[in-house]
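Enquirer: Below, each chain spelled out in residue letters.
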Amino acid sequence: MIHLYAFAAGLDRMPASHGLEDAPLEARAFTDVVAVTSSHASSPQEHGRADVMRHAAVVAALVESARAVLPARFGEDFADDAALETAVTSRLPALRSRLAEVGRHVEVGVRVLGGPPSAAPVRGASGADYLRSRLPELRARNLVAAELHGPLDACAEASRLSPSLERSALHTAAYLVSRDEVGAVTSIVEQFARMHPELTVLCTGPWAPYSFAEAS
Amino acid sequence: MSVVEAPHLQEQVTLLELVDRVLNRGVVVTGDITLAVADVDLVYVGLRVLLSSVATLDEAG
Amino acid sequence: MNETGARVLAGHGDLDLLAQRVDELGDVFPRRVRADPETVERGLAQLVLTLIELLRRLMERQALRRMEQGTLDDDQIERLGETFMRLAERMDELKAEFGLRDEDLNLDLGPLGSLL
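Chains as they are written, first to last, in numbering that gives the first Met the number 0: chain A, 0 to 215; chain B, 0 to 60; chain C, 0 to 115.
Worth flagging that the hints you see were computed from the coordinates, not collected in a lab.
Quick caveat: nothing in here was measured; it's all calculated off a predicted structure.
Glycine included, every Cβ here is placed at the ideal spot set by N, Cα and C.
Honestly, I wouldn't trust all of these hints.
So the derived label-pair ranges between C-beta atoms look like this [said to hold, decoys possible]:
(1) Arg85(C) x Glu197(A): 43 to 51 Å
(2) Glu10(B) x Leu137(A): 29 to 37 Å
(3) Arg85(C) x Leu137(A): 15 to 23 Å
(4) Leu137(A) x Asp72(C): 42 to 50 Å
(5) Ala82(A) x Gly69(C): 40 to 48 Å
(6) Leu134(A) x Arg85(C): 35 to 43 Å
(7) Asp15(C) x Gly9(A): 38 to 46 Å
(8) Asp79(A) x Asp15(C): 40 to 48 Å
(9) Ser64(A) x Phe97(C): 15 to 23 Å
(10) Asp72(C) x Ala99(A): 47 to 55 Å
(11) Arg6(C) x Gly102(A): 18 to 26 Å
(12) Ala40(A) x Asp15(C): 39 to 47 Å
(13) Asp73(C) x Glu10(B): 48 to 56 Å
(14) Phe29(A) x Arg6(C): 30 to 38 Å
With the Cβ distance kept under 10 Å, some of the chain C side facing chain A (calculated, not the full set) [unchecked claim]:
(15) Arg6
(16) Leu43
(17) Leu46
(18) Glu59
(19) Arg64
(20) Glu67
(21) Gln68
(22) Gly69
(23) Asp101
Next up, chain A with everything else stripped away, as it sits in the complex (with noise of 0.2 Å):
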């Protein structure tokens, strides 16, 4: 079995990491696409935090390595060398185009949380006043659109939104930032923050390119 890290292009030198259960670490090369893996006796019924934790030192290692990184979902494992070339060929172009894309870029991770208490609707109440009840949030999500995912979205070669269906969860965004544009992005949150009081703010980072990894 066949376990797959990431993708990489440029990779000067395997970092010196090992993979799940300290297996060593391998690189399948397709052209000038790098597939990053490790090779097991089988497939675990279960994996544990350990795994997924060792996934992401390897990843985050790539990145240091390689000139771009395209890490792959967690769990993309493969019976053997056969069943990842088909898999890989077949997306070959799109794979090179995204790790164009990224190329060293990283992530910045921003949430912001809170916004109007009267979050949930009140039943019994006329249509009318249902949807009045409504208003607060969509007003606090334009705000946020307009005051903090603009600026963002502005200095950052791309981003992505979730779509977060929680209530007080107004904004949970990805953006793709040279790495010397963190600490101007670290600044647009605080200083939205600090304009806010009212509202949680994160902001997390420098993250491997994950939310990039396919396209829009």
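Chain A is fixed; fit chains B and C onto it per the hints.
Expert: What follows is chains B and C alone, placed relative to chain A:
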């Protein structure tokens, strides 16, 4: 509270963000959603293909 | 977390809201590689309900925009409001039937993320 006042919170939050990324994001080459029931692989059509038509609907209105 | 180099760059407000979910991570591990029929059904329900909720939110937002613009009369506001309220109630019932919370309906929908 600012996160600098709570290092334990920092670690928890970072872990949460990390696990979310490793399990839910990243490129998928095995097929979009693959579930196996009673050793039979069921492959579902990619979610994006299914939903891209909804995106065009909204852009119009 | 140092092994990935990533960290919290900025964090303000009630971060305990997020931290609570870390406890729930215990349910994620160990992660089942093979699904049983119940998991498949729940996964499908999750998918379907997310789609329905997404559409409901989109339509509701449209209605709210028009209400703010003043292009709906009182009768329309009342009827639309009633409909959305009933839809929201039905969604709550469906979620409860499948044991799904709002957080479970979060799927990364790529390009559709900008719609909500």
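Enquirer: A separate judgement is required for each hint: does it hold in the structure or not?
Expert: We went through each hint and held it up to the structure:
1. Arg85(C) x Glu197(A): 43 to 51 Å: 31 Å, violated
2. Glu10(B) x Leu137(A): 29 to 37 Å: At roughly 35 Å between Cβ atoms, Leu137(A) and Glu10(B) fall inside 29 to 37 Å, so the hint holds.
3. Arg85(C) x Leu137(A): 15 to 23 Å: 19 Å, holds
4. Leu137(A) x Asp72(C): 42 to 50 Å: 20 Å, violated
5. Ala82(A) x Gly69(C): 40 to 48 Å: 60 Å, violated
6. Leu134(A) x Arg85(C): 35 to 43 Å: 19 Å, violated
7. Asp15(C) x Gly9(A): 38 to 46 Å: About 42 Å separates the Cβ atoms of Asp15(C) and Gly9(A), which means 38 to 46 Å holds.
8. Asp79(A) x Asp15(C): 40 to 48 Å: 47 Å, holds
9. Ser64(A) x Phe97(C): 15 to 23 Å: 44 Å, violated
10. Asp72(C) x Ala99(A): 47 to 55 Å: 53 Å, holds
11. Arg6(C) x Gly102(A): 18 to 26 Å: The hinted range 18 to 26 Å holds for Arg6(C) and Gly102(A), with Cβ atoms some 22 Å apart.
12. Ala40(A) x Asp15(C): 39 to 47 Å: 42 Å, holds
13. Asp73(C) x Glu10(B): 48 to 56 Å: Hint holds: Cβ distance 53 Å, inside 48 to 56 Å.
14. Phe29(A) x Arg6(C): 30 to 38 Å: Because 34 Å falls inside the window, the suggested range holds.
15. Arg6: 7 Å, holds
16. Leu43: Status violated, d = 17 Å.
17. Leu46: Since chain A brings no Cβ nearer than about 13 Å to Leu46(C), farther than 10 Å, the hint is violated.
18. Glu59: 6 Å, holds
19. Arg64: Holds, because the Cβ-Cβ distance from Arg64(C) to chain A comes to roughly 8 Å (cut-off 10 Å).
20. Glu67: Given a least distance of 7 Å, the restraint on Glu67(C) holds.
21. Gln68: 12 Å, violated
22. Gly69: At about 13 Å, which exceeds the 10 Å cut-off, the nearest Cβ of chain A leaves the hint on Gly69(C) violated.
23. Asp101: Given a least distance of 4 Å, the restraint on Asp101(C) holds.
Violation of the numbered hints given earlier is confined to hints 1, 4, 5, 6, 9, 16, 17, 21 and 22; the remaining hints are satisfied by the structure.
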